[in-house]
Amino acid sequence: MDVRRLGIIPCTKEKIWDLQPDAGPVEAHRAYRGFLFHLTRSYSESFLDDWVVFSALHGFLKPNETIPEAYDITFNRPEDPVILVPELRAQVQAKGLDTYDTAVILCPEAYASRVESAYEGSTTELHTPFRGRGGIVGVRSWLKDCIQNGRSDLQP
1 MDVRRLGIIP CTKEKIWDLQ PDAGPVEAHR AYRGFLFHLT RSYSESFLDD WVVFSALHGF
61 LKPNETIPEA YDITFNRPED PVILVPELRA QVQAKGLDTY DTAVILCPEA YASRVESAYE
121 GSTTELHTPF RGRGGIVGVR SWLKDCIQNG RSDLQP
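The numbers in this note's numbering rise by one with no breaks, and the one at position 113 of the sequence shown is 113.
No lab work stands behind these hints, which were simulated from the structure alone. Please note that the accuracy of each hint is not assured.
Unchecked claim - With beta-carbon atoms standing in for the labels, derived distance ranges:
hint : residue 1 : residue 2 : range
1    : Gly135    : His38     : 17 to 27 angstroms
2    : Gln148    : Glu14     : 21 to 31 angstroms
3    : Thr66     : Leu19     : 13 to 23 angstroms
4    : Asp18     : Lys62     : 19 to 29 angstroms
5    : Lys13     : Ser113    : 31 to 41 angstroms
6    : Asp101    : Leu19     : 36 to 46 angstroms
7    : Asp80     : Pro21     : 16 to 26 angstroms
8    : Asp153    : His38     : 12 to 22 angstroms
9    : Glu125    : Ala23     : 33 to 43 angstroms
10   : Thr123    : Leu154    : 11 to 21 angstroms
11   : Asn149    : Pro68     : 36 to 46 angstroms
12   : Gly150    : Gln93     : 27 to 37 angstroms
13   : Gly135    : Asp72     : 19 to 29 angstroms
14   : Asp18     : Thr99     : 31 to 41 angstroms
Just so you know, even glycine gets a beta-carbon here, dropped at the ideal spot from N, CA and C.
Let the sequences and hints guide you as you build the complete structure.
Structural data, given as structure tokens:
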């Protein structure tokens with residue numbers, strides 16, 4: 001049986017509404033504009049079966065799910081009204097994200113730790129390849145290297 005792998009990629013501050021304020025509701029795959037979003041999406045589409053965006057406001061978003069409007073919410077600001085872990089756990093189950101054998105968390109630490117909490121009790125194996133990569137510069141370099149060389153750099 002084939003191992004099914006899910007990529008969990010970060011939302012970004014840069015969104016379509018920054019360039020097109022009147023864009024209205026937009027599907028998640030079109031909403032995010034940041035460099036890290038594009039690199040992690042490319043990695044996921046190259047090496048994994050499916051991917052979802054992880055948003056501090058909306059939680060786990062499948063690529064075709066609609067985001068109604070612009071927002072600027074992050075796990076990095078304690079005062080922001082972020083989605084809570086119990087809601088994230090419910091999304092993991094409701095969206096079938098726990099049916100994957102492996103989830104590859106391609107998010108910065110503040111996001112990755114919440115994804116790990118959301119999967120607590122699940123049998124899905126979690127990988128966090130960004131840890132130990134020396135921050136955003138190391139992460140970008142690793143992602144570019146994997147994509148350019150056609151290798152996921154993940155253990156089977």
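The hints, checked one at a time:
The hint said 17 to 27 angstroms for the Cβ distance between Gly135 and His38, and at roughly 18 angstroms that hint holds. Between Gln148 and Glu14 the CB atoms are about 23 angstroms apart, so this pair conforms to the stated range of 21 to 31 angstroms. Judged by the Cβ atoms, the range 13 to 23 angstroms given for Thr66 and Leu19 holds: they are separated by roughly 18 angstroms. A C-beta distance of roughly 23 angstroms is found between Asp18 and Lys62, which places it inside the suggested range of 19 to 29 angstroms.
The supplied range of 31 to 41 angstroms is broken by Lys13 and Ser113, whose beta-carbon atoms lie about 19 angstroms from each other. Taking 36 to 46 angstroms as the suggested C-beta distance range, the pair Asp101 and Leu19 conforms, at roughly 38 angstroms. Look at Asp80 against Pro21: about 21 angstroms separates their beta carbons, and that is inside 16 to 26 angstroms. The supplied range of 12 to 22 angstroms is met by Asp153 and His38, whose beta-carbon atoms lie about 18 angstroms from each other.
Evaluation of the 33 to 43 angstroms hint for Glu125 and Ala23 yields a pass: the beta carbon distance comes to about 37 angstroms. Separated by about 18 angstroms at the C-beta atoms, Thr123 and Leu154 satisfy the suggested range of 11 to 21 angstroms. Range check, Asn149 to Pro68: Cβ separation about 39 angstroms, and the 36 to 46 angstroms hint holds. Between Gly150 and Gln93 the Cβ separation comes to about 34 angstroms, which falls inside the hinted range of 27 to 37 angstroms.
Our hint of 19 to 29 angstroms for Gly135 and Asp72 holds, since their Cβ atoms are close to 22 angstroms apart. Between Asp18 and Thr99 the beta carbon distance is about 35 angstroms. The supplied range of 31 to 41 angstroms therefore holds.
Going through the hint list in order, the structure does not satisfy hint 5, though it satisfies all others.
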